[in-house]
Amino acid sequence: MMDEARVTIRTRDLVKHFGRRKRRVTAVDGVTLEVRRGETYGLIGPDGAGKTTTTRVILGLLKRTAGQSEILGYDSMRDTYEIRERVGYIAQQFTLSRDLTVMENMRFFAQVHGVSPADQAHRIPELLAFAGLTQFTRRHAGQLSGGMKKKLALACSLVHEPQVLLLDEPTLGVDPVSRREFWNLLGNLRAEKGVTIFVCTPYMDEAERCNWVGLMYRGKLVAQDSPQAIKKLVPGRLLAFVPSQMAAAKRRVATLDGVLEVQTYGITLHVFVDEPERREREIVRALESEGVTCEGMREIDPRMEEAFISLITRQRSDLDTESVILPGAVPGAERGGDVL
Amino acid sequence: MSEHRNQDGHPILVENLSKQFGDFTAVDDVSFYVNRGEVYGWLGPNGAGKTTTIRMLLGLVKPSSGQCRVLGYNPATEAKAMQAQVGYMSQLFTLYRDLTARENIRFYGQAYGLSGKRLRRREAEILDMAGLERGAGTLTANLSGGWKQRLALGCAIVHEPEVVFLDEPTAGVDPISRREFWDLIYGMAKGGVTVLVTTHYMDEAELCQRVGFLNRGKLIALDTPDALKESQMRGRVLEISAEDPDRAMRVLRAAQAEGRLAFDEVALYGAEIHAVVTETVPGPARDPDEVLVSDQDPVSDQVAGLLSEAGLTVHGVVWIAPTLEDVFISAVKAR
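Here the protein sequences line up with chains A and B, keeping their order. Sequential numbering of the first sequence, starting at 5, is according to the numbering used here. Sequential numbering of the second sequence, starting at 2, is according to the numbering used here.
The reader is advised that the hints may include incorrect statements.
Unchecked claim - Here are the computed lysine-lysine pairs in the BS3-like style, where the Cα-Cα straight-line distance is at most 25 Å:
#1 A:Lys254 to A:Lys224
#2 B:Lys334 to A:Lys153
#3 A:Lys26 to A:Lys224
#4 B:Lys63 to B:Lys81
#5 B:Lys63 to A:Lys254
#6 B:Lys219 to B:Lys230
#7 A:Lys236 to A:Lys224
#8 A:Lys224 to A:Lys67
#9 A:Lys153 to B:Lys230
Said to hold, decoys possible - One-sided and incomplete, this derived list gives chain B residues near chain A with beta-carbon spacing under 7 Å:
#10 Pro46
#11 Gly173
#12 Ile177
#13 Asp184
#14 Asp265
#15 Ala268
#16 Ala272
Hints in this document: simulated from the structure, not taken from any laboratory. Source: prediction; values computed, not measured. We treat Cβ as the ideally placed atom computed from N, Cα and C, and that holds for glycine.
Please put together the full structure from these sequences, using the hints given.
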């Protein structure tokens, strides 16, 4: 158990159901997590995994079905006012007023949060400079590029100087350059101000930007650790090569000794093995005997995506693999009712 | 299969193609070709001109200038003749939610003029390809994202086209479904189908045989992913690990602000710091995994020195291989 003061967000056995009886969908299925102060925690998983629901329950925007959730020691359900005061939040469909200028949007958010005019006078220019928006203060929000809108949303969410920031898929649909800039801003926020950041994302590569990662799938956390440690959860070491015949190569390699897992990656075959040097030779030999050549054989470092696939594949065999229908498929599950 | 114009030429050929919408240039003098059976990727942000180009290739939008040919046809004037040999799946593909998987395939098959034996054969082939035999009778509304995506692809190729355009086909699906989808793409390509796929996922672009970087309507680079990493990356990426990365970051940013360091970019990556360094450094051979805290490398020495001065223990300062994202950003910034 961690020192209380160092924990910013905590959930224990958190459960969230939508709907009743036969139509019931479990969006969050027993999630226990801890976000330490000053940490950037990435809740990472595909669409429908339950990331948004988890975030909304933590914030007290949705009623939890069971379990506990709190921010800075304040209960999500009971202490919503205390949470609002101390927490910044950018929702997936974060709405800026399109017909207000950048500056007017900032002032609007400041007023909503009760920031005094004196504080506004120094904070707003500072935040606009931080977000690189100083030259655009008079531009209407509707005329900003996608990347600039996200930066403005970030600046607005910081106007009341929150200690914790929750971001729901902030880089969805953002171009690569703006995505990079946005993450750089989050990094600076962490380094300069010590803000605790909780971010949901479907992009596996964004895990590299976090100090701690929770991989979420079908309402459950399948792994939770530093990105480095999660990448080590893959079985063995990873060989990559381009076989001349994919299907035949995949079939044959899977039967060889020391081969722990096989994944396809476009025209490349990813093979997890116990001893790369020895298995490399054996794979080449076995495939050559069947007339399959291997190009560009080398050992590579597994990325978050390989780790996620490996973890899910192993978990799926425990789960009901026959299920064609995923929980996320029920219309409206993520947007469901019973909002507080 | 019906006849087509140039058996030997490139299935997709684009020369000096431009498209203006009023004052806005959506596509700006773009030229490229795609080989038969090739999986060609187009990487670029929203608004880069990816979709407009595909629309011109489909004959839905008329080019302002320049030429394009798909299987030898001019899409602007011969779209009807071309259609039977071209498939298209967009990011907003439409499946009928109240039809079953099989009924959707049948519907699209009939729309493309398939009937009788051929339609039944294609139904079976597509259900098999998409792994949907068990789900054939499931209402499409109840299929998960990955299954819907594969079914949509099946419907887009029900008429056995020779060229397939996929516009951001895997947005939002989980990584396993995405891999499965790519298995299908390469399965098609192996059968000689030519595939042009657009994406804004960096790791997806890496799956293509050749990738074009598109930015503001211009094709700014085009090559294999590995070759792009060689040719388009200006500068190198330094990975810095030190105790207390937040403080290390503050030290480096302060040094940067004072002009003591000349990084193009310095940013936190979890527990590490990445710096992009364009200043040319005379140093030893560039093995990406080699630790270069040595006399021969002034930049990493300088970084290690600054951090030690600030009282931080330095765990490592290492040159790392750039990701395709590093390369894309470098290519965009160079223009």
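Item to complete: Would you mind confirming whether the straight-line C-alpha gap from Lys63 (chain B) to Lys254 (chain A) stays at or under 25 Å?
Response: Status violated; Cα separation ~44 Å.
Quick one, are Lys236 (chain A) and Lys224 (chain A) close enough, alpha carbons at most 25 Å?
Holds, because 20 Å separates the two Cα atoms, which is no more than 25 Å.
Straight-line Cα separation of Lys254 (chain A) and Lys224 (chain A) no greater than 25 Å?
30 Å, violated
Closest C-beta approach of Gly173 (chain B) to chain A relative to 7 Å, hint status
Constraint on Gly173 (chain B) satisfied, holds at 4 Å.
ask   = Is the Cα-Cα distance between Lys219 (chain B) and Lys230 (chain B) 25 Å or less?
value = OK: Lys219 (chain B) and Lys230 (chain B) at ~19 Å, within 25 Å.
_Check whether the Cα positions of Lys153 (chain A) and Lys230 (chain B) lie no farther apart than 25 Å._
30 Å, violated
Are the Cα positions of Lys63 (chain B) and Lys81 (chain B) separated by 25 Å at most? It holds: about 14 Å lies between the C-alpha atoms, which stays within 25 Å.
Taking 7 Å as the limit, does the beta-carbon of Ala272 (chain B) come near enough to a beta-carbon in chain A?
Hint on Ala272 (chain B): holds, closest Cβ of chain A at ~6 Å, below 7 Å.
Would the hint on Ala268 (chain B) stand, with a C-beta cut-off of 7 Å toward chain A? Cβ of Ala268 (chain B) sits 4 Å from chain A, so the hint holds.
Report task. Closer than 7 Å between Cβ atoms is the bar; does Asp184 (chain B) clear it against chain A? Give me holds or violated. Result -> 5 Å, holds
Quiz item: Given the hint that Lys26 (chain A) pairs with Lys224 (chain A), does the C-alpha gap stay at or below 25 Å?
Solution: 21 Å, holds
With a cut-off of 7 Å, does the beta carbon of Pro46 (chain B) approach a beta carbon of chain A closely enough for the hint to hold?
3 Å, holds
Hint check: violations occur at hints 1, 5, 9 and 14; the rest are consistent with the structure.
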